[in-house]
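K.L.:
Residue strings, one per chain:
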Amino acid sequence: MRLAWFSPWPPQRSGVAGRSAELVPILAARGHAIDVFVDAKRRRLDPVSDDPPVAGSVRVLSAHDFVWRRRKYPYDLPIYQIGNSHLHRFVWPYLFKYPGLAVLHDGRVHHARAEALVPHARTRDYRAEFAWNHPDVPPAAAEFAALGLDGILYYQWPMLRGVVESARLVAAHSRGLATMIARQWPDRPLEHIALGEGPPNLDVPAARRAFRARHQIADTAIVFGVHGGLTAEKRVREVVAAFAAIRVSVPHAHLLLVGPADPWLGLEDQITSLGLTAHMTRVLTTDDETFDQSIAACDVTLNLRWPTALETSGPWVRSLAMGCATVIVDTAHQAHVPALDPRTWRRHAPASDPDPQAEARAVTVAIDVRDLAPSLSHAMSRLGSDAALRAALGREARRWWEREHTVERMAQDYERAIARAVQEPEPSASGWPAHMRPDTAAHAHEVLDAAGFDDPQVRARLAELGS
Amino acid sequence: MADDQPDLSAGRGETEREHNERRYVAALTALDIAAEPSPVVAASVAAAAEDVARLNATWQHGSSSGPQGLVARILNEFGRLLPWRRRRLLGAMIAAVNRNAEATRALVDVTQHFQSHVIWYAQTITAIAISRRGQIGPQDIEPLHRAINALGTDWLSRWESLSAREERYDARMDALAKAYTELKALTALAEARAAALQQAIDALPATSPPGPHPPR
Numbered sequence: 013m014r015l016a017w018f019s020p021w022p023p024q025r026s027g028v029a030g031r032s033a034e035l036v037p038i039l040a041a042r043g044h045a046i047d048v049f050v051d052a053k054r055r056r057l058d059p060v061s062d063d064p065p066v067a068g069s070v071r072v073l074s075a076h077d078f079v080w081r082r083r084k085y086p087y088d089l090p091i092y093q094i095g096n097s098h099l100h101r102f103v104w105p106y107l108f109k110y111p112g113l114a115v116l117h118d119g120r121v122h123h124a125r126a127e128a129l130v131p132h133a134r135t136r137d138y139r140a141e142f143a144w145n146h147p148d149v150p151p152a153a154a155e156f157a158a159l160g161l162d163g164i165l166y167y168q169w170p171m172l173r174g175v176v177e178s179a180r181l182v183a184a185h186s187r188g189l190a191t192m193i194a195r196q197w198p199d200r201p202l203e204h205i206a207l208g209e210g211p212p213n214l215d216v217p218a219a220r221r222a223f224r225a226r227h228q229i230a231d232t233a234i235v236f237g238v239h240g241g242l243t244a245e246k247r248v249r250e251v252v253a254a255f256a257a258i259r260v261s262v263p264h265a266h267l268l269l270v271g272p273a274d275p276w277l278g279l280e281d282q283i284t285s286l287g288l289t290a291h292m293t294r295v296l297t298t299d300d301e302t303f304d305q306s307i308a309a310c311d312v313t314l315n316l317r318w319p320t321a322l323e324t325s326g327p328w329v330r331s332l333a334m335g336c337a338t339v340i341v342d343t344a345h346q347a348h349v350p351a352l353d354p355r356t357w358r359r360h361a362p363a364s365d366p367d368p369q370a371e372a373r374a375v376t377v378a379i380d381v382r383d384l385a386p387s388l389s390h391a392m393s394r395l396g397s398d399a400a401l402r403a404a405l406g407r408e409a410r411r412w413w414e415r416e417h418t419v420e421r422m423a424q425d426y427e428r429a430i431a432r433a434v435q436e437p438e439p440s441a442s443g444w445p446a447h448m449r450p451d452t453a454a455h456a457h458e459v460l461d462a463a464g465f466d467d468p469q470v471r472a473r474l475a476e477l478g479s
Numbered sequence: 086m087a088d089d090q091p092d093l094s095a096g097r098g099e100t101e102r103e104h105n106e107r108r109y110v111a112a113l114t115a116l117d118i119a120a121e122p123s124p125v126v127a128a129s130v131a132a133a134a135e136d137v138a139r140l141n142a143t144w145q146h147g148s149s150s151g152p153q154g155l156v157a158r159i160l161n162e163f164g165r166l167l168p169w170r171r172r173r174l175l176g177a178m179i180a181a182v183n184r185n186a187e188a189t190r191a192l193v194d195v196t197q198h199f200q201s202h203v204i205w206y207a208q209t210i211t212a213i214a215i216s217r218r219g220q221i222g223p224q225d226i227e228p229l230h231r232a233i234n235a236l237g238t239d240w241l242s243r244w245e246s247l248s249a250r251e252e253r254y255d256a257r258m259d260a261l262a263k264a265y266t267e268l269k270a271l272t273a274l275a276e277a278r279a280a281a282l283q284q285a286i287d288a289l290p291a292t293s294p295p296g297p298h299p300p301r
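Chains A and B, in that order, are what the protein sequence lines are.
Its first residue numbered 13, the first sequence is counted upward by one per residue in the numbering used here.
Its first residue numbered 86, the second sequence is counted upward by one per residue in the numbering used here.
Hints are computed from structural coordinates only; laboratory data are not their basis.
Warning: the hint list may mix true and false statements.
Claimed, not checked - Output of the computed footprint for chain B on chain A, the stretches with three or more beta carbons under 8 Å from beta carbons of chain B:
(1) 105 to 113
(2) 365 to 372
As the list claims (entries may be wrong) - Pair ranges (Cβ atoms, derived):
(3) A/195 - B/163: 34 to 44 Å
(4) B/158 - A/198: 33 to 43 Å
(5) B/155 - A/365: 20 to 30 Å
(6) B/234 - A/455: 33 to 43 Å
(7) A/42 - B/264: 36 to 46 Å
(8) A/476 - B/235: 35 to 45 Å
(9) B/163 - A/221: 26 to 36 Å
(10) A/42 - B/260: 47 to 57 Å
(11) A/215 - B/232: 50 to 60 Å
(12) B/276 - A/194: 35 to 45 Å
Only a predicted model underlies this, so the values are computations on that prediction, with no experimental measurement involved.
Every residue gets a Cβ at the ideal spot worked out from N, C-alpha and C, and that includes glycine.
Given only the sequences and the hints, what does the whole structure look like? Please build it.
P.N.:
This is how it looks when you write it as C-alpha cells:
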C-alpha cells in the first residue's frame with residue numbers, strides 16, 4: 013500500500029520519532045511504499061523526486077508537500093502519530109482534513125492542542141474547540157488556558173474528541189487507553205497496537221559491565237536508575253529523597269540519573285544537601301546504544317511519571333526487554349499489568365488473577381500515587397536487598413515484554429490496523445468548530461488577492477482544491 | 086456633572102471588586118471543602134474491599150495456599166461444584182458487584198461535586214481577571230496557578246488511585262465470571278460423562294458373578 017506517515021522524525025529527540033524510524037523500514041520491507049511527512053522547520057530535508065514512492069521505499073518529505081503529492085498520486089492511507097507535545101503541532105491540520113489511521117501515543121492531548129492555538133493568537137479557536145470536546149463542562153473552564161494557567165487541570169480534560177471523530181480508525185498504544193476510548197466512544201472503530209520497543213538480543217551482562225566500568229560504578233553496587241528527561245512529573249526529587257532514606261538498609265545502593273534535568277527541579281542542591289554526590293552517577297546525554305547500556309547497568313529502574321498523558325513509558329518497556337526489575341506508579345491505564353503493591357508485597361487488590369500463586373506472575377512493582385513517598389521507600393528498600401525478588405520480577409518482565417512489546421508484534425498490529433482502516437468509511441465532520449477544517453482555498457484566495465495576484469489558471473486549481 | 090463621573094465609576098469599580106473578592110473567597114472555601122476526602126466514598130470502598138475479601142475466601146475455601154497435588158486440586162474443583170458452595174459464591178459475587186456499583190456511584194457524585202466547584206472557582210477568577218483587565222501581572226497569576234495546581238493534583242491523585250482500583254475490580258469480576266462459566270461447563274461435562282457411564286453400565290448383560298452359589 014502507498015502510505016503517508018506523519019510523525020516527528022530523528023534527529024528530533026522524541027520517543028515517537030524513534031519508534032517511527034524503527035518501524036517504517038520494517039513496514040516498507042513488507043511491501044509498503046511509504047512517504048514520511050515531517051515538520052520541515054525542524055529538520056533539513058534532501059530533495060525528493062515528484063514521482064510516487066515505490067514499494068519497499070521510504071522517503072522523508074516536508075508535510076507541506078502532502079497536499080499536492082496527494083492530488084498527483086493518491087495515498088491509500090495517511091497514518092498520523094499523535095502525541096501530547098509541540099513536536100506534533102504540524103500534524104493537526106492534516107489529521108482533521110484527511111481522515112486516516114490516528115495512532116495515539118498519549119490519551120490526553122490538551123497540552124498539545126492548547127499549545128497549537130493559544131500562543132498563536134487563536135484563543136477564540138481554543139475556546140470553541142474546548143467547548144466542543146467537553147460539552148458537559150462549563151465553557152468558563154477554558155479560561156484557565158486563556159489566562160495562561162496551563163497546569164494539572166489540562167490532564168482532567170483530555171481534548172481527545174477531535175482525534176477520535178476525525179479518524180477512520182483510532183489505534184491506541186496502551187491497552188488501558190483503548191479500553192477507556194471504547195467506553196467513551198463505543199461506536200468509533202478502534203484497535204490496540206502494541207508499543208514495540210527494546211533490544212531483543214542485547215547481551216545484558218556485558219552491557220552492564222561495560223557501562224559500570226566506564227562510569228566507575230562497582231560491580232557489587234545495587235543500582236537504581238531513572239531514565240529520560242528528569243522532570244517534576246518523573247518524581248525525581250521523591251526518588252532522590254527515598255534513595256537517601258534507604259541507604260541505611262541498602263549500604264551499597266547507587267543512584268543513576270540518565271537524561272537532562274529540568275533546572276526548576278533544583279536537583280543539584282537537593283543532592284548536595286543530602287550528601288549523595290559520591291553515591292550517584294549523572295549522565296546528561298546519551299546515544300541510543302549507551303541509553304540501553306545504562307538501563308542494563310541497573311538492578312532496578314524507577315519509572316514514576318505522574319500525572320501521565322496515558323502513555324506507555326518507553327524506558328520502562330526497554331527495562332522489561334532487558335529483564336530488569338521495575339517500579340512504576342499504579343495508574344488506571346496500566347492496571348492490566350500484573351503488579352505487586354509494596355505495602356503488602358501481594359498483587360494490587362483486587363487482582364484479576366485469583367490463583368494463590370498470582371504474586372509469582374507479577375511483572376513490576378506499582379506504587380499507589382496517594383502513598384508515593386512511603387511506598388517508594390518500601391519498594392526501594394526491599395528490592396535493594398532481595399536479589400531473588402529482583403530476579404523473579406526480571407524474568408516475568410522479560411516474559412511480558414516478549415508477549416506485549418516486541419517490535420515484530422507492533423508491526424503485525426500495524427498491518428492489521430492498516431488493513432482495517434482502509435475499509436472504514438470517512439467520518440462525518442458535521443458540527444465541528446470551523447477552525448478545525450478551514451476553507452484553505454478561500455484563505456489562499458485572500459492571500460493572493462492581498463498581493464494583487466490574479467491568474468485564472470491558479471483560480472481554477474484553487475477551486476478544484478476547495479472541492 | 087462630567088467631572089463627577091470618574092469618581093462615580095471608581096466607586097462602582099470598588100463595589101464590583103469587593104463583590105468579586107467575596108465570591109472568590111466563597112468559591113475557594115467551597116473548593117477546599119470539596120477537596121476533602123469523602124467519608125461516603127471511603128466507606129463504600131472499604132465495604133467493597135471487604136466483599137472482595139469474602140469473595141476470595143469463598144472461592145479459595147478449602148484450597149491450600151501452597152502447591153497442591155493433582156488429587157487435591159480435583160477435589161477442590163469438585164468441592165466448588167457443591168450446590169451450597171455455588172450458591173454462596175454467587176451470593177458473594179452479587180454482593181460484591183452491588184457494593185462496587187455503590188462505590189462507583191459515590192465516586193462519580195464526589196467527582197461531579199468537585200468538578201462543579203472547580204468550574205465555579207474558574208468563573209470567579211475570570212470575573213476578577215476581567216474586572217482587573219490591564220492591572221493583572223505575572224506576579225498575580227503565579228500564586229493562583231500554584232493554588233489551582235495543588236488542588237488539582239490532590240484531586241487527580243485520588244481519582245487515579247480509585248480508577249486503578251476500579252479497573253482491576255472490573256478485570257477481577259471478568260476473571261471470576263469466566264472461571265464460573267468454565268466451572269459450569271465442567272459440571273455439565275462431568276454430568277454428561279456420568280450419565281454416559283451409567284448408560285454403559287445399564288447396557289451390560291446381567292451375568293452372575295463367578296464363584297459358589299449362595300446357600301439356599
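K.L.:
Each hint should be assessed against the structure and marked as holding or not.
P.N.:
Evaluation of the provided hints:
Requiring three or more residues with a Cβ within less than 8 Å of a Cβ of chain B, the coverage given for the segment 105 to 113 of chain A is violated, as only 0 such residues are present. Coverage of the segment 365 to 372 of chain A by chain B holds in this model, with 3 residues showing a Cβ closer than 8 Å to a Cβ of that chain against a need of three. Distance hint for residue 195 of chain A and residue 163 of chain B: a CB-CB separation of about 38 Å, consistent with the stated range 34 to 44 Å. Checked against the given bound of 33 to 43 Å, the beta carbons of residue 158 of chain B and residue 198 of chain A, roughly 40 Å apart, stay inside it.
The hint said 20 to 30 Å for the Cβ distance between residue 155 of chain B and residue 365 of chain A, and at roughly 21 Å that hint holds. Separation of residue 234 of chain B from residue 455 of chain A is about 38 Å and conforms to the stated range, judged on CB atoms against 33 to 43 Å. Taken as a hint, the range 36 to 46 Å holds for the pair residue 42 of chain A and residue 264 of chain B, whose Cβ atoms sit roughly 39 Å apart. Distance hint for residue 476 of chain A and residue 235 of chain B: a CB-CB separation of about 55 Å, inconsistent with the stated range 35 to 45 Å.
Distance hint check for residue 163 of chain B and residue 221 of chain A: the Cβ-Cβ separation is about 54 Å, which falls outside the suggested range of 26 to 36 Å. Remark: the range hint 47 to 57 Å for residue 42 of chain A to residue 260 of chain B is contradicted by a beta-carbon distance near 36 Å. About 52 Å separates the C-beta atoms of residue 215 of chain A and residue 232 of chain B, a value consistent with the hinted range of 50 to 60 Å. Evaluation of the 35 to 45 Å hint for residue 276 of chain B and residue 194 of chain A yields a pass: the beta carbon distance comes to about 38 Å.
In summary, the structure is inconsistent with hints 1, 8, 9 and 10 from the numbered list given earlier, while agreeing with the others.
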